[in-house]
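S.K.: Top to bottom, those sequences are chains A and B.
Using our numbering, the letters of the first sequence map in sequence onto residues 110 to 502.
Using our numbering, the letters of the second sequence map in sequence onto residues 110 to 502.
Please note: incorrect hints may appear among the correct ones.
If several chains are the same, the list does not tell them apart, and a pair holds so long as it fits within one copy or across any two.
To be verified - Mimicking SDA-like on lysine to any residue, the simulated pairs with C-alpha atoms at most 25 Å apart in a straight line are: (1) K346 <-> D332; (2) K346 <-> A200; (3) K190 <-> G176; (4) K190 <-> L341; (5) K190 <-> I440; (6) K311 <-> V135; (7) K190 <-> E437; (8) K346 <-> V481; (9) K190 <-> A237; (10) K346 <-> A272.
For the record, the hints were derived by calculation from the structure and aren't laboratory data.
Number of protein chains: 2
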Amino acid sequence: MTDLLLRDARLWGADTLTDLLIRDGVVAATGPGLPAGDAPVEGLGGKLLLPGFVDAHAHVDKTMWGGPWVPHNAGPGLAGKIRNGVESRPALGLPSVDYITALLQQMVVSGTTHVRTHVDVDTAMGLAAVEAVREALGRLGDRITAELVAFPQAGLLTSPGTAELMDEALAAGVDIVGGIDPAGLENDPIRHLDVVFGLAGKHGAGVDIHLHDGGPLGVWQYDLIIERAKALGLAGKVTISHGYALAEVAPAVQERVIADLAAAGVSLATVAPAGAAPLPLAALREAGVPVGAGNDGVRDLWSPYGNGDMLERALFLAQRSRFVRDEEIEIALEAATYGGARVSGRRAGYVPGDPGDFVVVDARTPAEAVCVRPVRSLVVKSGRVVARDGRLV
Amino acid sequence: MTDLLLRDARLWGADTLTDLLIRDGVVAATGPGLPAGDAPVEGLGGKLLLPGFVDAHAHVDKTMWGGPWVPHNAGPGLAGKIRNGVESRPALGLPSVDYITALLQQMVVSGTTHVRTHVDVDTAMGLAAVEAVREALGRLGDRITAELVAFPQAGLLTSPGTAELMDEALAAGVDIVGGIDPAGLENDPIRHLDVVFGLAGKHGAGVDIHLHDGGPLGVWQYDLIIERAKALGLAGKVTISHGYALAEVAPAVQERVIADLAAAGVSLATVAPAGAAPLPLAALREAGVPVGAGNDGVRDLWSPYGNGDMLERALFLAQRSRFVRDEEIEIALEAATYGGARVSGRRAGYVPGDPGDFVVVDARTPAEAVCVRPVRSLVVKSGRVVARDGRLV
Numbered sequence: 110m111t112d113l114l115l116r117d118a119r120l121w122g123a124d125t126l127t128d129l130l131i132r133d134g135v136v137a138a139t140g141p142g143l144p145a146g147d148a149p150v151e152g153l154g155g156k157l158l159l160p161g162f163v164d165a166h167a168h169v170d171k172t173m174w175g176g177p178w179v180p181h182n183a184g185p186g187l188a189g190k191i192r193n194g195v196e197s198r199p200a201l202g203l204p205s206v207d208y209i210t211a212l213l214q215q216m217v218v219s220g221t222t223h224v225r226t227h228v229d230v231d232t233a234m235g236l237a238a239v240e241a242v243r244e245a246l247g248r249l250g251d252r253i254t255a256e257l258v259a260f261p262q263a264g265l266l267t268s269p270g271t272a273e274l275m276d277e278a279l280a281a282g283v284d285i286v287g288g289i290d291p292a293g294l295e296n297d298p299i300r301h302l303d304v305v306f307g308l309a310g311k312h313g314a315g316v317d318i319h320l321h322d323g324g325p326l327g328v329w330q331y332d333l334i335i336e337r338a339k340a341l342g343l344a345g346k347v348t349i350s351h352g353y354a355l356a357e358v359a360p361a362v363q364e365r366v367i368a369d370l371a372a373a374g375v376s377l378a379t380v381a382p383a384g385a386a387p388l389p390l391a392a393l394r395e396a397g398v399p400v401g402a403g404n405d406g407v408r409d410l411w412s413p414y415g416n417g418d419m420l421e422r423a424l425f426l427a428q429r430s431r432f433v434r435d436e437e438i439e440i441a442l443e444a445a446t447y448g449g450a451r452v453s454g455r456r457a458g459y460v461p462g463d464p465g466d467f468v469v470v471d472a473r474t475p476a477e478a479v480c481v482r483p484v485r486s487l488v489v490k491s492g493r494v495v496a497r498d499g500r501l502v
Numbered sequence: 110m111t112d113l114l115l116r117d118a119r120l121w122g123a124d125t126l127t128d129l130l131i132r133d134g135v136v137a138a139t140g141p142g143l144p145a146g147d148a149p150v151e152g153l154g155g156k157l158l159l160p161g162f163v164d165a166h167a168h169v170d171k172t173m174w175g176g177p178w179v180p181h182n183a184g185p186g187l188a189g190k191i192r193n194g195v196e197s198r199p200a201l202g203l204p205s206v207d208y209i210t211a212l213l214q215q216m217v218v219s220g221t222t223h224v225r226t227h228v229d230v231d232t233a234m235g236l237a238a239v240e241a242v243r244e245a246l247g248r249l250g251d252r253i254t255a256e257l258v259a260f261p262q263a264g265l266l267t268s269p270g271t272a273e274l275m276d277e278a279l280a281a282g283v284d285i286v287g288g289i290d291p292a293g294l295e296n297d298p299i300r301h302l303d304v305v306f307g308l309a310g311k312h313g314a315g316v317d318i319h320l321h322d323g324g325p326l327g328v329w330q331y332d333l334i335i336e337r338a339k340a341l342g343l344a345g346k347v348t349i350s351h352g353y354a355l356a357e358v359a360p361a362v363q364e365r366v367i368a369d370l371a372a373a374g375v376s377l378a379t380v381a382p383a384g385a386a387p388l389p390l391a392a393l394r395e396a397g398v399p400v401g402a403g404n405d406g407v408r409d410l411w412s413p414y415g416n417g418d419m420l421e422r423a424l425f426l427a428q429r430s431r432f433v434r435d436e437e438i439e440i441a442l443e444a445a446t447y448g449g450a451r452v453s454g455r456r457a458g459y460v461p462g463d464p465g466d467f468v469v470v471d472a473r474t475p476a477e478a479v480c481v482r483p484v485r486s487l488v489v490k491s492g493r494v495v496a497r498d499g500r501l502v
């Protein structure tokens with residue numbers, strides 16, 4: 110079933126209610142009083158119809174969602190968390206297809222229709238996490254689409270053999286090459302980026318680099334990444350994840366880097382962490398730099414928090430950006446919808462040809478949806494109802 | 110009905126399941142296999158039984174909960190918000206007994222059994238907000254207890270006549286004298302505090318002062334308040350709300366002020382705002398300073414955010430404090446339970462004589478309850494079941 114008529118929908122940005130017709134999984138028409146033909150009809154009664162949420166930065170392979178409560182016990186800093194992740198994983202049965210499936214289901218009932226998930230590739234477990242994520246996605250049966258990032262969480266220079274495994278993952282269809290703190294963790298930024306962009310070139314893949322390094326060190330690596338994206342003609346295919354540094358440097362530097370990101374077609378992904386200054390969303394928006402929001406890890410060895418809900422993530426992003434006006438809060442919601450789609454090179458919206466991916470929320474405005482975060486009335490993936498009232502269909 | 114036997118409860122801090130018997134609204138006994146006698150029985154099946162949540166800092170009189178969505182439109186800064194609140198109130202029908210009732214109901218189903226709410230007293234509306242809150246509380250019919258703070262939101266020196274209205278409110282049974290930024294807003298800190306503490310002395314009331322002023326200016330006012338609490342023998346009856354300054358000064362100053370707070374019996378209330386450094390909860394706890402958490406305003410002319418849920422507030426407090434370990438997350442939950450109770454001079458817990466105020470959550474540990482925030486299975490006020498599965502009983 111990939112045809113669906115959504116009746117009496119309140120579209121983001123429209124003043125009056127309308128119908129929206131999905132044919133063969135994509136938007137076919139909008140307007141009042143559309144004939145349904147043989148398409149099933151869902152009456153929305155004026156509820157808000159938002160583009161399906163896109164989680165632009167997830168780590169579903171690490172999750173313990175649906176499993177036992179495991180108190181956080183990692184050592185301090187990035188290195189402590191990396192070590193703890195690798196060491197504690199086997200005894201907890203991670204990666205677990207069951208936990209990943211449970212989290213993906215939770216994401217679906219929360220309105221997420223597409224996810225970009227980083228998946229650990231390391232010498233201790235090879236491609237086991239990639240396989241586990243793929244098996245879980247299979248269990249979800251097209252209720253959500255995903256793109257996978259071959260992510261060298263434990264380092265690719267500091268952990269020899271990882272690049273070869275990433276190469277293997279990409280050859281087997283993984284979509285994107287990951288990277289992590291070329292300077293701060295890998296201590297050899299040029300060679301790290303050479304490997305990452307080399308793999309991208311070899312496989313025609315995109316790039317998504319975790320960049321926690323702050324201030325001038327982080328911004329210098331922005332420049333290195335931007336330079337390579339331009340030189341290699343990778344506009345629209347390179348993402349910097351986290352990228353805290355942009356929020357930490359002087360306004361003039363920030364302004365210059367934002368212009369460079371826009372010129373190179375490099376996007377950002379943020380998880381709106383409580384402990385870092387928020388990215389300058391308004392300025393990025395004005396410059397046309399795509400920004401996607403993501404839930405990051407959800408209840409894993411890295412953090413006990415998270416629930417896979419992009420509407421909650423939009424709230425965090427709005428609050429941490431000190432947004433209070435509706436038009437500001439909508440910028441945060443954009444990161445959870447249109448922005449994430451742009452990061453992934455996907456369309457999103459109400460125009461014919463846009464994917465039939467939608468979420469229905471009992472709210473009168475997008476800002477109210479973010480503030481109240483009601484149970485999702487309906488989630489539609491490629492024209493198919495996949496969740497209703499917070500439960501999987 | 111004020112007798113109740115809670116069977117197979119998981120108590121915070123206990124390893125095994127137990128029963129808890131409430132007689133005449135207060136805890137009578139705990140232990141396995143307690144005889145119910147003629148008390149109704151609720152089987153908890155191992156769910157977590159937490160002390161009822163205490164919202165130590167609310168502004169229920171301002172809420173538009175259950176009303177239309179009103180986009181935020183206040184001018185910048187504290188003065189802009191104060192002016193907007195006073196000017197926009199009448200056209201929106203504020204204060205509204207219906208909205209206040211709706212919010213109090215939301216608080217009850219979220220597990221809050223006691224609330225300290227500031228209530229605006231100003232020359233534009235006199236005691237109308239006090240009367241509205243009291244009428245709403247009456248509608249709730251003892252499902253929640255409340256203490257009211259006569260709050261000079263618009264200033265009491267800068268807005269002559271306010272002190273007289275506060276005097277009137279206190280004579281009519283309002284519990285606590287409020288104050289606000291004696292320096293930053295009122296510009297006459299000594300006289301402001303003289304009026305506030307004068308009213309407290311006259312009525313035998315407690316004191317709760319909003320202190321947004323930061324850094325050295327804020328800490329200087331901590332000292333003024335502490336000095337008066339000590340001189341007037343008001344240990345246990347004085348609270349500083351927000352008090353951002355404590356998080357902003359040098360460690361040695363912070364340490365000295367915390368010791369002074371402890372010695373004077375002055376408590377703190379925090380709403381864990383996204384835009385301010387979090388109070389040093391661990392150090393305050395070690396020194397024995399009571400810290401209560403509160404939701405602050407919920408969907409009002411000051412902020413579009415909030416939902417009255419203290420478990421969510423505990424999450425915000427934990428995340429903004431960068432807590433990740435279970436024992437850290439429990440410090441945040443303490444502020445939403447025991448800490449708030451101490452701020453209000455109330456008992457809380459599982460010991461005979463403690464109030465029969467409890468909330469039941471489907472979680473295996475207190476930290477999991479904070480991270481997952483499940484729908485509240487049961488809320489018990491003075492031994493009476495007042496909410497079940499997120500709905501008012």
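S.K.: Give a verdict on every hint.
M.R.: Hints, one by one, checked against the model:
In this homomeric assembly, K346 and D332 come within 25 Å of each other (Cα to Cα) only inside a single copy, at 16 Å, whereas the closest approach across copies is 56 Å. Taking the shortest Cα distances, K346 and A200 never come within 25 Å of each other, neither inside one copy (37 Å) nor across copies (51 Å). For the homomeric pair K190 and G176, the shortest alpha-carbon distance inside one copy (20 Å) is at most 25 Å, but the shortest distance between copies (45 Å) is not. In this assembly of identical chains, the alpha carbons of K190 and L341 never lie at most 25 Å apart, being 33 Å within a copy and 51 Å across copies at closest.
Only between protomers do K190 and I440 lie at most 25 Å apart by alpha-carbon distance; the minimum there is 22 Å, versus 32 Å within a single protomer. For the homomeric pair K311 and V135, neither the shortest alpha-carbon distance inside one copy (32 Å) nor that between copies (71 Å) is at most 25 Å. For the identical chains of this complex, K190 and E437 are inter-copy neighbours only, at 17 Å across copies versus 34 Å inside a copy, given an alpha-carbon limit of 25 Å. Taking the shortest alpha-carbon separations for K346 and V481, neither the intra-copy value of 34 Å nor the inter-copy value of 35 Å comes in at or below 25 Å.
Taking CA atoms no more than 25 Å apart as the test, K190 paired with A237 passes inside one copy only; the shortest distance there is 20 Å, against 55 Å between copies. In this assembly of identical chains, the alpha carbons of K346 and A272 lie at most 25 Å apart only when taken from the same copy (20 Å versus 63 Å across copies).
Checked against the numbered hints given earlier, this structure breaks hints 2, 4, 6 and 8; the rest are met.
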